[in-house]
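Let the sequences and hints guide you as you build the complete structure.
Okay, here's what each chain looks like letter by letter:
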Amino acid sequence: MLLDLHTHSIASDDSRASVEQYVRWVGVLRKKGHCIDGFVLTEHRQFNHDVDYSTLSEANEILILKGSELDTDCGHFLVYGVTKEITEQIDFSNVNMHAEDLVEICDQMGAIAIPAHPGRSGIGFAEYLAGGRKGFDTIEIVEGLNGSNRPGEGEKAQDLIKSKGYKSIGGSDAHIVSAIGTCMTRFTEDVKDESDLVNKLREGLFRPVRLEESKEQ
Amino acid sequence: MSKKNIYFEDVELGDDIGPVTRTVKSDQVFEFVSLREPDPNPSRFTSEEAAKKEGLPNAIVPGAMNIALMSQILTDWSPTVCLKKIDVVFRGMVPHEKSLVFSGIVTDKDESGDSTDLECDIVMENQEGVRLVIGHAEFALPSRP
Numbered sequence: 001m002l003l004d005l006h007t008h009s010i011a012s013d014d015s016r017a018s019v020e021q022y023v024r025w026v027g028v029l030r031k032k033g034h035c036i037d038g039f040v041l042t043e044h045r046q047f048n049h050d051v052d053y054s055t056l057s058e059a060n061e062i063l064i065l066k067g068s069e070l071d072t073d074c075g076h077f078l079v080y081g082v083t084k085e086i087t088e089q090i091d092f093s094n095v096n097m098h099a100e101d102l103v104e105i106c107d108q109m110g111a112i113a114i115p116a117h118p119g120r121s122g123i124g125f126a127e128y129l130a131g132g133r134k135g136f137d138t139i140e141i142v143e144g145l146n147g148s149n150r151p152g153e154g155e156k157a158q159d160l161i162k163s164k165g166y167k168s169i170g171g172s173d174a175h176i177v178s179a180i181g182t183c184m185t186r187f188t189e190d191v192k193d194e195s196d197l198v199n200k201l202r203e204g205l206f207r208p209v210r211l212e213e214s215k216e217q
Numbered sequence: 218m219s220k221k222n223i224y225f226e227d228v229e230l231g232d233d234i235g236p237v238t239r240t241v242k243s244d245q246v247f248e249f250v251s252l253r254e255p256d257p258n259p260s261r262f263t264s265e266e267a268a269k270k271e272g273l274p275n276a277i278v279p280g281a282m283n284i285a286l287m288s289q290i291l292t293d294w295s296p297t298v299c300l301k302k303i304d305v306v307f308r309g310m311v312p313h314e315k316s317l318v319f320s321g322i323v324t325d326k327d328e329s330g331d332s333t334d335l336e337c338d339i340v341m342e343n344q345e346g347v348r349l350v351i352g353h354a355e356f357a358l359p360s361r362p
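Those protein sequence lines, which keep their order, are chains B and A. Numbered according to my numbering, the first sequence spans residues 1 to 217. Numbered according to my numbering, the second sequence spans residues 218 to 362.
Hints were generated in silico from the structure; no laboratory data involved. Please read these numbers as outputs of a predicted model, since none were measured by experiment. It cannot be assumed that every hint is accurate.
One-sided excerpt, in silico: chain A residues whose CB lies under 8 Å from chain B [claimed, not checked]:
1) Asp304
2) Thr324
3) Asp325
4) Gly346
5) Val347
6) Leu349
7) Gly352
8) His353
Glycine included, each C-beta is placed from N, C-alpha and C at the ideal position.
Pasting the structure below:
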C-alpha cells in the first residue's frame, strides 16, 4: 500500500490545494499508471477533529487520513494518531514547543511523532542534534524522503539515518495540487485508519519511494 | 513557447505549460519599481548595497513583479488565455540576473459544459531546482470555433 504521509491543503496558510483537488489529481496519476492508495493531511500547527473526509474517500477509493505538522524547538515534527486527549494536552499552535515533551506525550497516548525533513536548514532535526541536543531515545523513524527538499537536504537526512540507524518514511510535502504523491511510503500491509497507521509505523514494515517507483506494482 | 491559439478542447489534465527560462535584469526591476515611485531611493530591490545591509545576499525581485512574471507563464502560453485569478506563495528570495525556470501544469478542467474554465499549478524555480515561488491560477480558454 502506497501512502503520501506529508501533504498540506488550504487549511494550511501556505498551501494552494484543496483536498478535492488532491483527490482529482490522484485520479490523474492513476490514469498514468501510478499506484497511490491515499494520503495523510498534515496541516501546519493544527488538527481539526470535526472535518470528515470519509464520503470523499469512499467515493474515490482513496484513503484520506489526518495528522499534523508541528513546530518545535528541535524542528518540524509530523504527528500521526492525533486524539482529542492529545490536542487537550498539547498546544498545537505553539511554534516553540519542547520537542521531547511532544515525542513523549505521543508515545504515551498511542500516537507517534516523526521528525519532518530532518536535513532542512533551521527547521530540520539533524541540525539540532549536530548542535548538541540530546535525548530522543525513543525516536526510530524520520522522514528520509521529502518531495520539497532543497539540494543537499536529502543527503543530510540520509547521513542522519545512517548514523542513527533510523527507519525512513516518504512524503511529498505537497502545497500545490500536482505535488501530491511525488514521494510516498510503501507499507507491506494495508493501513486502515490513523490508529492503524501508528501501529504499522511502529511495526517498521515500510520504506520510502518516489512516484516513479509506484508503477512497479 | 507556443504563441499559437490554444482552445479549451486542446487541453488535457496534466498538460505542461512551459517551461520557460528567463533572467530578470536589474534595469527591469528598476523600471518596475519606478512605475510606483519615479526615481526610487536605493532599496533591497534596486541596490545590492541596500540589500546587503538588510542581510540579503543580493538585490531581490519585488513580490508584485514576481506575481506579474508568474502570470506571464499563462498569458504568453497563448493569446487566447483569459487569466481570472492567480494566488502565489513566496518560498524563497528571487535574485536579479540569475536564470529562473517558470512552468505550469493543468490540474483542473471544467467538464460540465457550463464553462471553459481551467486551473493550473505554477512554479518558479532557480537553476538548482529550488522552488522560489509556487502558486495556483484559474483561467479560461475559448471553445474551438
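We went through each hint and held it up to the structure:
1. Annotation: aspartate 304 of chain A was flagged as interfacial toward chain B, and the flag holds, the nearest CB pair being 6 Å apart, inside 8 Å.
2. Interface restraint check for threonine 324 of chain A: the shortest CB-CB distance to chain B comes to about 4 Å, inside 8 Å, so the restraint holds.
3. With a least beta-carbon distance of about 6 Å to chain B, the hint placing aspartate 325 of chain A at the interface is held under the 8 Å criterion.
4. At its closest, the beta carbon of glycine 346 of chain A sits 7 Å from a beta carbon of chain B; the interface hint therefore holds under the 8 Å criterion.
5. Interface hint status for valine 347 of chain A: upheld, as the beta-carbon distance to the closest one in chain B is roughly 5 Å, under 8 Å.
6. Checking leucine 349 of chain A against chain B by beta carbon gives a least distance of about 11 Å; that is not within 8 Å, so the hint is violated.
7. For glycine 352 of chain A, the suggested interface contact is upheld, since its CB lies about 6 Å from the closest CB of chain B, less than 8 Å.
8. Among the interface hints, the one on histidine 353 of chain A holds; its C-beta lies about 4 Å from the nearest C-beta in chain B, closer than the 8 Å criterion.
Against the hints set out earlier in the document, a violation occurs for number 6 only.
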